[in-house]
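Going down the list, the sequences are from chains A and B. Sequential numbering of the first sequence, starting at 1, is according to our numbering. Sequential numbering of the second sequence, starting at 1, is according to our numbering.
Check before you lean on any hint, since a few could be wrong.
As the list claims (entries may be wrong) - PhoX-like, lysine-lysine: derived pairs with alpha carbons at most 20 Å apart: (1) Lys58(B) / Lys23(B); (2) Lys23(B) / Lys58(A); (3) Lys69(B) / Lys58(A).
Because the hints were derived from the structure by calculation, they are not lab data. Computed from a predicted structure; not experimentally measured.
2 protein chains.
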Amino acid sequence: MRHVDVLIIGGGPAGISAAIWCKRLGIDCLLLEEQSQLGGQLFNIFNEIIDYPGMRTKNGIEMQREMVKHFVEMDCLYEVNTKVLFIDERSKTVKVKKQAKEQEICYTYLILATGSSQRKLGVPGEQQMIDRGEVYSASADGERLKGKTVAIIGGGDRAFEGAHLLSSKAREVYLIHRSTRFKAREQYVERIISNPCIKVMTDTEVTAIHGDRHVTSIDLESKNKEYKNKEYKNLLVDAVLIRLGVAPNVDLIKGKVATAQNGLIVTDDVHQSSNPFIYAIGDSCTTPLFSSISSSAGQGAIVAKQLSSMLNI
Amino acid sequence: MRHVDVLIIGGGPAGISAAIWCKRLGIDCLLLEEQSQLGGQLFNIFNEIIDYPGMRTKNGIEMQREMVKHFVEMDCLYEVNTKVLFIDERSKTVKVKKQAKEQEICYTYLILATGSSQRKLGVPGEQQMIDRGEVYSASADGERLKGKTVAIIGGGDRAFEGAHLLSSKAREVYLIHRSTRFKAREQYVERIISNPCIKVMTDTEVTAIHGDRHVTSIDLESKNKEYKNKEYKNLLVDAVLIRLGVAPNVDLIKGKVATAQNGLIVTDDVHQSSNPFIYAIGDSCTTPLFSSISSSAGQGAIVAKQLSSMLNI
Numbered sequence: 001m002r003h004v005d006v007l008i009i010g011g012g013p014a015g016i017s018a019a020i021w022c023k024r025l026g027i028d029c030l031l032l033e034e035q036s037q038l039g040g041q042l043f044n045i046f047n048e049i050i051d052y053p054g055m056r057t058k059n060g061i062e063m064q065r066e067m068v069k070h071f072v073e074m075d076c077l078y079e080v081n082t083k084v085l086f087i088d089e090r091s092k093t094v095k096v097k098k099q100a101k102e103q104e105i106c107y108t109y110l111i112l113a114t115g116s117s118q119r120k121l122g123v124p125g126e127q128q129m130i131d132r133g134e135v136y137s138a139s140a141d142g143e144r145l146k147g148k149t150v151a152i153i154g155g156g157d158r159a160f161e162g163a164h165l166l167s168s169k170a171r172e173v174y175l176i177h178r179s180t181r182f183k184a185r186e187q188y189v190e191r192i193i194s195n196p197c198i199k200v201m202t203d204t205e206v207t208a209i210h211g212d213r214h215v216t217s218i219d220l221e222s223k224n225k226e227y228k229n230k231e232y233k234n235l236l237v238d239a240v241l242i243r244l245g246v247a248p249n250v251d252l253i254k255g256k257v258a259t260a261q262n263g264l265i266v267t268d269d270v271h272q273s274s275n276p277f278i279y280a281i282g283d284s285c286t287t288p289l290f291s292s293i294s295s296s297a298g299q300g301a302i303v304a305k306q307l308s309s310m311l312n313i
Numbered sequence: 001m002r003h004v005d006v007l008i009i010g011g012g013p014a015g016i017s018a019a020i021w022c023k024r025l026g027i028d029c030l031l032l033e034e035q036s037q038l039g040g041q042l043f044n045i046f047n048e049i050i051d052y053p054g055m056r057t058k059n060g061i062e063m064q065r066e067m068v069k070h071f072v073e074m075d076c077l078y079e080v081n082t083k084v085l086f087i088d089e090r091s092k093t094v095k096v097k098k099q100a101k102e103q104e105i106c107y108t109y110l111i112l113a114t115g116s117s118q119r120k121l122g123v124p125g126e127q128q129m130i131d132r133g134e135v136y137s138a139s140a141d142g143e144r145l146k147g148k149t150v151a152i153i154g155g156g157d158r159a160f161e162g163a164h165l166l167s168s169k170a171r172e173v174y175l176i177h178r179s180t181r182f183k184a185r186e187q188y189v190e191r192i193i194s195n196p197c198i199k200v201m202t203d204t205e206v207t208a209i210h211g212d213r214h215v216t217s218i219d220l221e222s223k224n225k226e227y228k229n230k231e232y233k234n235l236l237v238d239a240v241l242i243r244l245g246v247a248p249n250v251d252l253i254k255g256k257v258a259t260a261q262n263g264l265i266v267t268d269d270v271h272q273s274s275n276p277f278i279y280a281i282g283d284s285c286t287t288p289l290f291s292s293i294s295s296s297a298g299q300g301a302i303v304a305k306q307l308s309s310m311l312n313i
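Work out the full structure: start from the sequences and follow the hints.
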């Protein structure tokens, strides 16, 4: 059976950084990525990246290219199109599948860099909108959304933050939330509710997104009597920002390491999980509030340095 | 009196990252740097930087250039040649001096990004050696030091790590330490002491470094009777690696926030110090074992995100 000292699951910025650092420190390391390309959530960044010190890129793909180039130049070992099916933490083995072929890999230390996924509405028209690239950042796309009618879907901090940022730019902002209770911080909610430029629609669900070349309208279904009338069954909007939050990708490890109520893997300051041979970095263990490419890169460095000392290299 | 929401002291990678992130998040922020240029310890990196994901540079100055370019393009506010003389944490004011002119700046939150300094021997010839650029990395300069006689000065992890890394490359490695007790981890010490290619000289001090265009020899003074004889008064070497460790730059804040025994500022996971209005990032609060450009950049992101939410932006 193949053995590696450090096995990294996930090829986003955190995993890439950990692999580069392992290579730098002389650690025998292999990175596994389920998709056909490394980069993880970088593929979902459509606006300019201005916050990774020293390197501005026009979008996530450009950042992906630079990171992968670096990774490949350093001769880091990796496998793409390789799905981890099962982690057996007792025998310290993972079962993986690559093009219908299964194999087992044995590790001394495992790094989970599985990231997180944006929660989706799961309604008709949503995936088409995303595939067309109609994915906006409230902070970076203010100018693009100037004078437009924008619907923000969600009830957490990011939905409210987005509504606040766009209220001074867009012509109209709707904040649509399926419940009457918000997860967002109170001060955020107060600020939005008192803002006359933002219409907050509670108890209301989006059931479809329409538009061929770009979003033109959304269908709504409301339990709120204020919005039950026909006027709101179909709402004309120019853009939809889905802000339902993210969920850490932790299915593989459920029950094997401790997770917090929000689903994040619990780690200590060197990113060790409750299992001493399993570490976690990036969005699988970092709250969205503190997640960034910079912090993922930093965590990759720390975990590799820690493992280098554990492995006595 | 000038007031800023966030005042950053120190313009190394941690401070630069925090300022970029503050700008990105719309925080009113000012960075102060004592030297004439931003970059901090980047100026002390003479070998290739291969571990900052996405960006390889041939040395620290090249990295400095890219980071400062980014910083300036983002229009971050800063002052160079500006020394902080005093922090009054009660009135939340700092007194600064720029070209003989003193002024006071009032802050809502203060970020200490003052970094750390390499401890020096303080002997004749040392500064000249550094100024000539004879500063080596044991991990990156193995090829450059191949077949050479190398003296490593120090008794901590980094000294032992360096000796280990170079023992397979250099012709001879001397590890010279002024005491008989080592700070390095036991497993490091054992590995080195049992290595026949490394000569460990304890109770021995370096009193001078000789060489005009490059290091040619060092003077030693030993209490160890084994090395008291004339043969060791002057030792022919081709390179000297000073590994006396680093000390965090915390003089400004001594007694105002809690520090650990190793001198580092104690912070929580969002980098808040024991004073709720003072945060610390980078090498002033990070053990050298986990310090890196990547982790400094990550810490800058986290602290800015935290302050953005504290400032209710």
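Hinted pair Lys23(B) and Lys58(A), Cα distance within 20 Å: 18 Å, holds
Proposed proximity, Lys23(B) with Lys58(B) (alpha carbon, max 20 Å): 28 Å, violated
Agreement of Lys69(B) and Lys58(A) with the hint, judged by alpha carbon distance not exceeding 20 Å: 16 Å, holds
Of the numbered hints given earlier, the model fails hint 1 alone.
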